[in-house]
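Once you have looked at the hints, place chain A on chain C.
In order, the protein sequences belong to chains C and A. Every letter in the first sequence is one number past the one before it in our numbering, and letter 513, counting from 1, is 513. Every letter in the second sequence is one number past the one before it in our numbering, and letter 107, counting from 1, is 107.
Calculated directly from the structure, the hints in this document are not laboratory data. You may find that some hints are simply not true.
As the list claims (entries may be wrong) - Straight-line C-alpha distance at most 20 Å; calculated DMTMM-like pairs for lysine to aspartate or glutamate:
#1 K553(C) <-> D371(A)
#2 K553(C) <-> D232(A)
#3 K568(C) <-> D21(A)
#4 K575(C) <-> D554(C)
#5 K569(C) <-> D232(A)
#6 K568(C) <-> E300(A)
Stated by the list, open to error - Here are some, though not all, of the chain A residues that point toward chain C, as calculated from beta-carbon distances under 7 Å:
#7 G67
#8 S137
#9 E348
Glycine included, every Cβ here is placed at the ideal spot set by N, Cα and C.
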Amino acid sequence: MKYDQSRIRNFCIIAHIDHGKSTLADRILEKTGVMQLRDMTDQVLDSMELERERGITIKSKAVRMPYKAKDGAEYELNLIDTPGHVDFTYEVSRALAACEGAVLVVDASQGIEAQTLANVYMALDHDLEIRPVINKIDLPSAQPEVVRQEIEDEIGIDCEGCPLVSAKQGVGIEDVLEDIVKNIPAPSDDIDAPLQALIFDSYYDNYRGAISSVRVKAGSVKVGDRIRMMAGKCEFDVTEVGAYLPLGYSPRESLNAGEVGYIAASIKDIADIRVGDTITLASSPAAEPLPGYKPVLPMVYCGIYPADGADYESLRDALEKLRLNDAALSYEPETSVALGYGFRCGFLGLLHMEIIQQRLEREFDLDLVTTAPSVVYKVIKTDGETVMIDNPTNLPPVQEIDWMEEPMVDAQVITPQDYVGAIMELCQDKRGTFRDMKYIEGGRVLLKYDLPLNEVIYDFFDQLKSRTRGYASFDYELKGYERSDLVKLDMLLNGEQCDALSIIVHRDRAYPRGRSIAEKLKEAIPRQLFEIPIQAAIGGKVIARETVKALRKDVLAKCYGGDISRKKKLLEKQKEGKKRMRQVGSVSVPSEAFMAVLKMD
Amino acid sequence: MKPLSLYIHVPFCARKCAYCDFASYPGRETDWRRYFDEIATEIRLWSGETDFGLLSERYRVISMFIGGGTPTLVDAGYIGRVIDACRAIVPFEADAEITIEGNPGTLTPEKLAAFRRAGVNRLSLGAQSFDDGLLRSLGRIHTAAQIGQAVTMARDAGFDSINLDLMYALPGQGMNQWKDTLDAAIALGVEHISAYSLIVEPGTPMAARVASGTAIVPEDDAVNAMQREAIDRLLAAGYRRYEISNYARPGFECRHNLVYWNRGDYLGLGCAAHSLMGGRRFHNPDSLDEYLSGGRRLDEAVLTPQDEMEETLMLSTRTVRGLDLTAWARAFGTSFARGRERVLDRLENGGLIETGDGFLRLTMRGMEVQDAVVLELMGEM
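Chain A extracted, bound-state conformation:
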């Protein structure tokens, strides 16, 4: 029986944030029903014999992630029906992790209770910052106070696994503001914190502001300092860093995200959802309308050993556990170190990687330049 993870994309939000370039559509309330009907249809397609066998016989769901957009924006009934539909075609493990992503400004005790009843047991809140000025400039619809209220409501509803997403490297964000945000997040006692540095994506309002000079992103050194501040404060508060941007109290690591980094099988449903199933990658169209008109499983490709090696390297080195060298040798029939002796020496002497106990992992410094380190390790691969 193979473990399976499910991803459900909810491409709706109240308002597009300034930095957002995900598939997310504000103001399409009239499409909500059609969209969830379409997902139900898509799920049914997976109920019979598939390219990957009969899912109900081959797989057990270990995690499910309902992301967006803002999944907590829509009526809880939709969410419940999607989860039920999934359960109908592939059994869930008893302790399966079921996460819903949400905006603190969209929560009510009733909604949270309904999510709980539907089986959701983990809540991931897009807090981003505890500075109201920064929240406004990011285009967030919530305030710092609402984050605290959301956590309290969630606790009352019975959520005992809560994540807060935080952002640094924001234009206008000083180190002190960042420290305050970290402290405020810690003070709320959540089990998990993701700290992401802002990526200015082309085509977003943020990119236009940066280009015109009305927004200035901090220098690389300042960004690194913010990340180190996060590491210091979160570790001191009892969290452990288990991935470049993720911190958790022991036992509360996000199982779903670990599946992405460890390249387990996952099936994405809904528009813009990506899948990795049985060594193949495919995805649904980014456009809501294309999805609604039946667009499915685009760019489907069987991964070559070369792809698998590159993916394994670039994803596993994001985690603190690192690259499993024994598993590599087993999977690819050759030792990772072969032909890389000099590069490995140089990176290790330079304090960017560590090897030992059968793993290769990036040091704290190495993680700051993970892309470049991976590129070095790829070599002629």
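Bound-form chain C, shown alone:
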């Protein structure tokens, strides 16, 4: 197809979870013929096993589809998929910046939900044309007219003639495509200006190296061009450009202003491609990068160790591979007295951390021991030096610390009115400071709090979920550092400190946390030959104590008629079990104990 900007439509689909975004995307791929029915697995865009299982989109992707519209013209539709979770907000915002319009999917029986609004606001921030689509009209409880009215009243978008569809049954899909062609504006980018290509995603391909997914905002790029990363300050020679098909690549001669596609340039390290950065040509660079680049900083850290020390190399290889597709993951080798050799890993948030752990376990078949997540604390030492601490073990001695600061977040909770009390109580429990409360549409309330990040990563999500029966939605953004009365809480097993169990907590929280961890450890550590005192201590002062009683009886009464195989098997099993435990001084600690500390009540 010849390059013609007026025939290009770049759009994304936004929706509340479960309103049918992925199913609609599948139907659109099918309708435009880029995917044959027989190639379809459910939710093609969510290709990672984990994504499908959890029903969330982790990495953003883009697909180009040809579409012959009713007006007789051929169009090029670019569907850009966006991650749907707060951990990946920055990636969402970059993906939106690559589009001119957004298809807003609303469930015909549920109507507008919290995330519907959050997504709409974000799309409006990027000046996108929002095109509502009412989905699931096949449901008996569907009320498309009511929902249409709701969208008009509460969001203020004209719903006249908006498509009514059942993505599940494939009804109304063509209406959606026609609506996109008619109402989402074509890009109007300057092809004669110096190249400005916005990177909205990056990943690693074994044959092509690290690849940038881009929206060309000005100029054009072709094979053989020397490109420059404007924030990354490095240069590469382009080896391939093209568009995405649902299951592969479609190389092209060039990518031009207004188009979406990929650029490969034999880039070995994914870290050289930063989402949000602008690509330009080295020979005739653009004067300014596109607005809005910010480096992605890990917010949450934890130690990840192989359950079996022999798997250290495999763990390193696995992290390296994951990092190729996920520039937001960081890791560095670290050593723990209790856990041996492992890695300190940094994540965007808790979900990101959980996903990486699960991918390591499933895709690489590794058994892991994970330490409690920690945030990055700022320590101002008495000699004036400032150090950032992401591992409690590295905290300088108390006498060298002048004061400490902890990261704070701007937190937003949108909740049905009934739960406001419960949420305020929770935020107060979590050392939150109330900022604002607003009544929004449909009896809902928007609450704003300043919260310490270390409370958010503790059990905030679980608590929020259980206290609001899952009705509240939560979003946060890093706000900055605040001075705080923090202490290091150590756990001692049989008098020996276990480094992997140390955490940094607010002084007021130290006592209940210490007691709770000691209780958890008591349950997780099996009885051994001697009694094991478990102590929680701050700076050598014991604040809580539990005891694992000594093993009372552990002996096989009899070896039957010279058959020692039972006893051998038993010992073999016990030996295996012991191998899987960590030695803290003379105490054997099962891997689960380190996890137990994460789980609260």
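Relative to chain C, chain A alone:
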């Protein structure tokens, strides 16, 4: 000339006990003849040159143990013929210990006399308890009174070495019942007493009862208290504890069992019988039918030095004599203490082991947790 012990398994019984998961088959009387014919065939296989040389030239039998099942259930003639067949291929020491295991409910003066004539000189009775209620709940076919009668009959038949097996840690067994059982056993004046705590084996009726809550096994502390009670009473009555579960008057320790713990050579014949010969372990099939169709010498493996070390450690520490450190150094070329200094210190200070005069032995407390102590001592082994 190397000492050899023989084990003959008789996999028949009148009724399966609730806790039993050994190879034992009730109601297969019609297979008895075939089975003993099969054993005779197996014994003949060992008559010529074997992997371990010609047994008659290399070995002398110091002990033989006819276990089960209930060997005293079958006709004494079978037993006599097995012993004779064995004598035909490998000479017995004049004072060889020949034990038969039996159920007090299956004995008659005639049978006992026949065993004696066949050369049997030691009788091991599965008494288990002197409480008729407990005996019933275990599924035993005998009563407490029959134990006394069996001992009297055995004495009359000339048995001067008798063992009683007793069980504790039984569901529903109180300390007083256990004391009564110990006292009753002592009162019978037997030379040897084995006191085993019940092991609830998966798949047995007992395991099902425990799982469903109809049977409740005593707590660990109560079990330890019962064992200590056994030690107290038996020692006071002149017995000596020589292994975790075994007590004997001086000179009446079971030589056959000591061979297992000291890892001497033993050859097991019959179904489910295990052997340790010349550093190899092997065993016959557990299933009677497989044995009858000729299944022999399964899982044969040459023990590695590592296996030998582990076995030596886990078996010798069951005995009161303990682990012979000099023999260890000789056998494995390295001192046992090397690399274990800290563990040994900790266990010794903690009152779990004692070392001295070239032996390492578990204390009374150490024996209560023998598996865990062995695991500690194995370390990275």
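Results of checking the hints against the structure:
1. The suggested pairing of K553(C) with D371(A) holds, with an alpha-carbon distance near 9 Å, which does not exceed 20 Å.
2. Of the pairs offered as hints, the one joining K553(C) and D232(A) holds, with about 18 Å between alpha carbons and a cut-off of 20 Å not exceeded.
3. Of the supplied pair hints, the one linking K568(C) and D21(A) holds, its CA atoms being roughly 17 Å apart against a limit of 20 Å.
4. Restraint check for K575(C) and D554(C): the C-alpha separation of about 14 Å stays at or below 20 Å, so the hint holds.
5. Using a Cα cut-off of 20 Å, the hinted pair K569(C) and D232(A) is violated, with the two alpha carbons roughly 32 Å apart.
6. Taken as a hint, the K568(C) and E300(A) pair is honoured in the structure, with Cα atoms around 15 Å apart against an allowance of 20 Å.
7. With its C-beta approaching chain C no nearer than about 5 Å, G67(A) sits inside the 7 Å limit, and its interface hint holds.
8. Hint on S137(A) is violated. Least Cβ distance to chain C is approximately 19 Å, over the 7 Å limit.
9. Interface hint status for E348(A): violated, as the beta-carbon distance to the closest one in chain C is roughly 12 Å, over 7 Å.
Against the hints set out earlier in the document, violations occur for numbers 5, 8 and 9.
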